[in-house]
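Asker: Assemble chain B onto chain A, guided by the hints.
These protein sequences, in sequence, are chains A and B. Numbering of the first sequence is given in the numbering used here, commencing with residue 1 and proceeding in unit increments. Numbering of the second sequence is given in the numbering used here, commencing with residue 208 and proceeding in unit increments.
Check each hint, because a few of them may be wrong.
Said to hold, decoys possible - Have a look at the derived ranges for each label pair, beta carbon to beta carbon:
hint	chain 1	residue 1	chain 2	residue 2	range
1	A	Trp79	B	Pro277	54 to 62 angstroms
2	B	Glu307	A	Asp82	24 to 32 angstroms
3	A	Thr55	B	Asp285	21 to 29 angstroms
4	A	Pro60	B	Trp286	51 to 59 angstroms
5	B	Arg222	A	Gly148	33 to 41 angstroms
6	A	Asp106	B	Pro312	33 to 41 angstroms
7	A	Arg146	B	Pro277	43 to 51 angstroms
8	A	Pro67	B	Glu373	27 to 35 angstroms
9	B	Val401	A	Gly148	17 to 25 angstroms
10	A	Gly206	B	Pro277	31 to 39 angstroms
What the hints assert, rightly or not - Going by beta-carbon spacing under 7 angstroms, a handful of chain A positions derived as facing chain B:
hint	residue
11	Gly116
12	His134
13	Gly135
14	Val153
15	Asp156
16	Arg159
17	Ser161
18	Leu174
19	Val194
20	Glu198
Simulated from the structure, these hints should not be mistaken for laboratory data. Cβ coordinates follow ideal geometry from the N, Cα and C atoms, glycine included.
Protein chains: 2
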Amino acid sequence: MRVIVPFATREPKTRLAPLLDTEERLAFARAMLVDVLGAVRGAGHVPTVLATEPTEVDAPVVVDDRPLTPAVNDVLADWTADRLGVVMADLALVTPAALERLTTPDADLVLAPGRGGGTNALVVADLDFRVDYHGASIRDHRRTARRGGASVVEVDSFRLSTDVDEPADLVEVLLHGDGAARDWLRDHRFELTVDHEERVQVARSGR
Amino acid sequence: MRVIVPFATREPKTRLAPLLDTEERLAFARAMLVDVLGAVRGAGHVPTVLATEPTEVDAPVVVDDRPLTPAVNDVLADWTADRLGVVMADLALVTPAALERLTTPDADLVLAPGRGGGTNALVVADLDFRVDYHGASIRDHRRTARRGGASVVEVDSFRLSTDVDEPADLVEVLLHGDGAARDWLRDHRFELTVDHEERVQVARSGR
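The shape of chain A in the complex, shown without the other chains:
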């Protein structure tokens, strides 16, 4: 199956600014992209990066500088093969096994909810479906599918639910990641700490 991996190159991951400067955020975002592309291939699928500008990466790149929703819908509008996947580039915990759970169900639409109401990954078999990534998109995608009479399966995956946006998300990468993003954080001296309330955080040690 072809799997589209949208990747925004401009000012990626702004909510990580308390921990990472602009150049670091771009490098970390690319490390996550590499992990996602590897997992897509590991699950036996074929990735295409849908980037906001030309990007050097080990996969075909389609450039579309529009926001996420119209860019993905443009791909969906042109798609003629059986099924198409869309997997976000910041799922640093994704594994081939998690992606197989996304691509195996036989349904018009398979959804992987993201924490906070997003839709982190999906597979579309019903080609009339269009995405809308604004706000609580998982709810909107359910409703759209229901209205169109499409069958929907939701995948219950912690790994697919974890998009890395905020400092707290780096905890998950250090605890559960095993790829380029985890290595990037370690190489840049991030480590786990536990605060006085027993909450786990990340901290960056001195050089």
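Answerer: Showing chain B alone in chain A's frame:
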């Protein structure tokens, strides 16, 4: 399988204090407990509540006023049957299907990681195993099992990873819950809102 559901009755869910007063937090915590007990039964298992004080609930209650770790380890020390489950009482998204994924694997230890490094649910077959819920407990539980030569399976479940501690977690209950906790929030006028950065939040509407 017997499944222990630890439940703290004193000052539960203090991090929800910005949204709920003490009495409400207790009522909401009990609604989540009811959902967890229902899911345990729905998956064909038998729950016992391990509570810090006598609690009226539709299940056997063992009272132990010590902290979570010694209380659970006391149960583990006495346990003589084949396997034992421990499932936290604040997993408001849990379903029988998610619990079946926890109880099905044939391993000495099955772990369901919680967001933020916790261990939200586990099944122990190796009875020498003891829990330690402090800090990044999922990492400690992995290490302990590895040292003891136990086989470990981790369950990749968004529903099991979501313990409800903070206001942001209520978003998940409203979006993905379908039981008493979701109903409690709706009855108390909680609803989803989307802020100017497209982040989904909960808000409480006026009476």
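Asker: Could you run down the list of hints and mark each one as holding or not?
Answerer: Evaluated hints:
1. Range check, Trp79 (chain A) to Pro277 (chain B): Cβ separation about 57 angstroms, and the 54 to 62 angstroms hint holds.
2. Taking the beta carbon of each, Glu307 (chain B) and Asp82 (chain A) are about 30 angstroms apart, inside 24 to 32 angstroms as hinted.
3. Checking the proposed 21 to 29 angstroms range against Thr55 (chain A) and Asp285 (chain B) shows it is violated: the Cβ atoms sit about 58 angstroms from each other.
4. Taken as a hint, the range 51 to 59 angstroms holds for the pair Pro60 (chain A) and Trp286 (chain B), whose Cβ atoms sit roughly 55 angstroms apart.
5. In this structure the supplied range 33 to 41 angstroms holds for Arg222 (chain B) paired with Gly148 (chain A), their Cβ-Cβ distance being about 40 angstroms.
6. For the hinted restraint 33 to 41 angstroms between Asp106 (chain A) and Pro312 (chain B), the CB-CB distance of approximately 24 angstroms leaves it violated.
7. Taking the beta carbon of each, Arg146 (chain A) and Pro277 (chain B) are about 48 angstroms apart, inside 43 to 51 angstroms as hinted.
8. At about 29 angstroms, the CB distance of Pro67 (chain A) to Glu373 (chain B) agrees with the hint of 27 to 35 angstroms.
9. Restraint check, Val401 (chain B) to Gly148 (chain A): a C-beta distance of roughly 23 angstroms satisfies the suggested window 17 to 25 angstroms.
10. Separation of Gly206 (chain A) from Pro277 (chain B) is about 37 angstroms and conforms to the stated range, judged on CB atoms against 31 to 39 angstroms.
11. The criterion of a C-beta within 7 angstroms of any C-beta in chain B is met by Gly116 (chain A), whose closest approach is roughly 5 angstroms, and the hint holds.
12. With 7 angstroms as the threshold, the beta carbon of His134 (chain A) comes within range of chain B, its nearest partner Cβ sitting at about 6 angstroms, so the hint holds.
13. This hint holds: Gly135 (chain A) has a C-beta 4 angstroms from the nearest C-beta of chain B, less than the 7 angstroms allowed.
14. Proximity of Val153 (chain A) to chain B is violated relative to the hint, the smallest CB-CB distance being about 12 angstroms (cut-off 7 angstroms).
15. Checking Asp156 (chain A) against chain B: minimum C-beta separation of about 5 angstroms stays under 7 angstroms; hint holds.
16. Hint on Arg159 (chain A) holds. Least Cβ distance to chain B is approximately 5 angstroms, under the 7 angstroms limit.
17. Interface restraint check for Ser161 (chain A): the shortest CB-CB distance to chain B comes to about 4 angstroms, inside 7 angstroms, so the restraint holds.
18. Proximity of Leu174 (chain A) to chain B is violated relative to the hint, the smallest CB-CB distance being about 9 angstroms (cut-off 7 angstroms).
19. Taken as an interface hint, Val194 (chain A) checks out: its beta carbon lies about 4 angstroms from the nearest beta carbon of chain B, inside 7 angstroms.
20. For the restraint placing Glu198 (chain A) at the interface with chain B, the shortest Cβ-Cβ distance is roughly 6 angstroms, inside the 7 angstroms limit, so the hint holds.
Of the numbered hints listed earlier, those contradicted by the structure are 3, 6, 14, 18.
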